[in-house]
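As a plain string of letters, each chain reads:
Protein chains: 2
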Amino acid sequence: MIPKYQDIQKAHERIKTFIHQTPVLSSKSINKILNVDIVFKCENFQKVGAFKFRGATNAVRLLTKEESEKGVTTHSSGNHAAALSLAAKQLNIPAYIVMPRNAPEIKKKAVEGYGAKITFCEPTLQAREETLYAVQKETGATFIHPYDNFNVICGQGTAAKEFLEEIPDLDIIIAPIGGGGLMSGTAISAKAINSEIKVYGAEPLNANDAFLSFTKGVLIPAGPPKTIADGLLTSLSPLTFQLIRENADRILTAKEETIVSAMRMIWERMKIIVEPSSAVPLAVIMENRNLFEGKKIGILISGGNVDLNHLPF
Amino acid sequence: MIPKYQDIQKAHERIKTFIHQTPVLSSKSINKILNVDIVFKCENFQKVGAFKFRGATNAVRLLTKEESEKGVTTHSSGNHAAALSLAAKQLNIPAYIVMPRNAPEIKKKAVEGYGAKITFCEPTLQAREETLYAVQKETGATFIHPYDNFNVICGQGTAAKEFLEEIPDLDIIIAPIGGGGLMSGTAISAKAINSEIKVYGAEPLNANDAFLSFTKGVLIPAGPPKTIADGLLTSLSPLTFQLIRENADRILTAKEETIVSAMRMIWERMKIIVEPSSAVPLAVIMENRNLFEGKKIGILISGGNVDLNHLPF
Numbered sequence: 001m002i003p004k005y006q007d008i009q010k011a012h013e014r015i016k017t018f019i020h021q022t023p024v025l026s027s028k029s030i031n032k033i034l035n036v037d038i039v040f041k042c043e044n045f046q047k048v049g050a051f052k053f054r055g056a057t058n059a060v061r062l063l064t065k066e067e068s069e070k071g072v073t074t075h076s077s078g079n080h081a082a083a084l085s086l087a088a089k090q091l092n093i094p095a096y097i098v099m100p101r102n103a104p105e106i107k108k109k110a111v112e113g114y115g116a117k118i119t120f121c122e123p124t125l126q127a128r129e130e131t132l133y134a135v136q137k138e139t140g141a142t143f144i145h146p147y148d149n150f151n152v153i154c155g156q157g158t159a160a161k162e163f164l165e166e167i168p169d170l171d172i173i174i175a176p177i178g179g180g181g182l183m184s185g186t187a188i189s190a191k192a193i194n195s196e197i198k199v200y201g202a203e204p205l206n207a208n209d210a211f212l213s214f215t216k217g218v219l220i221p222a223g224p225p226k227t228i229a230d231g232l233l234t235s236l237s238p239l240t241f242q243l244i245r246e247n248a249d250r251i252l253t254a255k256e257e258t259i260v261s262a263m264r265m266i267w268e269r270m271k272i273i274v275e276p277s278s279a280v281p282l283a284v285i286m287e288n289r290n291l292f293e294g295k296k297i298g299i300l301i302s303g304g305n306v307d308l309n310h311l312p313f
Numbered sequence: 001m002i003p004k005y006q007d008i009q010k011a012h013e014r015i016k017t018f019i020h021q022t023p024v025l026s027s028k029s030i031n032k033i034l035n036v037d038i039v040f041k042c043e044n045f046q047k048v049g050a051f052k053f054r055g056a057t058n059a060v061r062l063l064t065k066e067e068s069e070k071g072v073t074t075h076s077s078g079n080h081a082a083a084l085s086l087a088a089k090q091l092n093i094p095a096y097i098v099m100p101r102n103a104p105e106i107k108k109k110a111v112e113g114y115g116a117k118i119t120f121c122e123p124t125l126q127a128r129e130e131t132l133y134a135v136q137k138e139t140g141a142t143f144i145h146p147y148d149n150f151n152v153i154c155g156q157g158t159a160a161k162e163f164l165e166e167i168p169d170l171d172i173i174i175a176p177i178g179g180g181g182l183m184s185g186t187a188i189s190a191k192a193i194n195s196e197i198k199v200y201g202a203e204p205l206n207a208n209d210a211f212l213s214f215t216k217g218v219l220i221p222a223g224p225p226k227t228i229a230d231g232l233l234t235s236l237s238p239l240t241f242q243l244i245r246e247n248a249d250r251i252l253t254a255k256e257e258t259i260v261s262a263m264r265m266i267w268e269r270m271k272i273i274v275e276p277s278s279a280v281p282l283a284v285i286m287e288n289r290n291l292f293e294g295k296k297i298g299i300l301i302s303g304g305n306v307d308l309n310h311l312p313f
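Order-wise, the sequence lines are chains A and B. Position one of the first sequence corresponds to residue 1 (the working numbering), numbered consecutively onward. Position one of the second sequence corresponds to residue 1 (the working numbering), numbered consecutively onward.
Bear in mind the hints are in silico, worked out from the structure with no lab data behind them. There are no misleading hints in this set.
Below, simulated BS3-like cross-link-like pairs (lysine-lysine); rule was C-alpha separation at most 30 Å, straight line:
1. B:Lys32 - A:Lys70
2. A:Lys108 - B:Lys32
3. A:Lys109 - B:Lys296
4. B:Lys28 - A:Lys107
5. B:Lys137 - B:Lys89
6. B:Lys108 - A:Lys32
7. A:Lys109 - B:Lys28
8. B:Lys89 - A:Lys295
9. A:Lys32 - B:Lys16
10. A:Lys32 - B:Lys70
11. A:Lys16 - B:Lys296
12. B:Lys28 - A:Lys16
13. A:Lys117 - B:Lys28
14. A:Lys296 - B:Lys109
15. B:Lys89 - A:Lys28
Please read these numbers as outputs of a predicted model, since none were measured by experiment.
Just chain A, same shape as in the assembly (with noise of 0.2 Å):
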């Protein structure tokens, strides 16, 4: 099934008292020094610090009383694990939360602090499947994937939607892209609400297959990645890219320093705290300037979960 945008309108309605309307800041400074007028979708101020909360909320909210019984799971050590104890929680829902037992001491304590049940294994991916199945089978609880969802994508998509409901007028709107859900659900929303905006994804050039496969028509999984933005290691799926590839006009990519640039930038100026991923959407700005100077121009700013111990400035 392919999410329409119709279900990012039924998901906002769905989700809409749960979440934080996130505001939307802008900078003087950064606007003079990149010659462009941008604004930001705040995320990092949603609940759990992240705009994950949004998909895992929609998510689970859509689950029938007797999978609500049974809880959900998923394997992950980042904001979507945070983000689908909390929204189960909300609800009274057991959450079983497969991590890999090397993931940062402060996360494993967020997703603790949620109430959800953890289960350590080794940090491969074959480890972390195995471990979710074997989970699934012990608790009858239904896997909730962090992007290759319909119901998520949709929670996801709401940003975009709250975003342009509040700054109709841009140009060109810009994600980050990971596992492509906030991708997926921001194109959706904008070529909806305004078919002449653009919509591009920001990549960084080291986890760079979004943009390998949106520029070669074929899914493209990424190699392992090695980049500071820690949120964007994951490949895209069948879902995400097909939806990628009907919605988004382009993916652009950064290069690792210019990505710690930017997100100094956003650090200094603006007095926020975003994490690496949400930095490469103005690191593309960066490097692309006559793409975008004289534009205005919508970035998602994805979350603020960083580890204050190993910054990187």
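For chain A, the structure is supplied; the task is to place chain B on it using the hints.
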């Protein structure tokens, strides 16, 4: 001349269109951890990243035509220098800033970026005052003191005025104390708007001149203080001491390690960048839980200018 609330009201009318009405934010998780209901007035989002822009703007806009032509001057290596430079620039008034040679590069650049003329001096108070005197003599510029100045204090008081107009039902309001400009303005506004509100000052234990002065009833200047809260190194002036004695209820102190924990809590939980000085009010709550539990508390976040290369975590 002693500032009254009417003077702050007039200041607010005067500067309103030139400043940001900064947002008020809160954090469910911080409230839960400390069993309080805290709202934060976020002057880190003010122009130049600090409340100082309010006082500087008010002072500069009250210059006579003749004074304006000759310009303004101050000695400062911090937020007041940047604030005065931008406030002057907006009116095409020359600004002459005396700065110690060893001021951080980033602060020099900020002031230069606002078009001010910097005169460097040795990093001693004596050298700063002598150099300022020489600059004044040469240029005829008006000295705008960072806090021992009627118009500056009235400008700073507009932050608490905005805050209480948006959130009228506070039990307690807390501001950090350095030279006492923000604290004086806050206390005057708060007591005038609602005499029931408790007004507390927050100071690093390692720079507790205001605490000692307030407690003993005589102005005791700071020794050379050593604190991470670099905005709070200065001592009260006779004027701010008088205003604080008359209007504040209490001054509380916090240890360095608590200030760092409070700063980190704000960064991690609220995803906003605040400077160490701004974390002192929360640190004071953390060290005096019994005074604050169950209360609705307003905290003035003074600014967000930190050197990302020298973070305490």
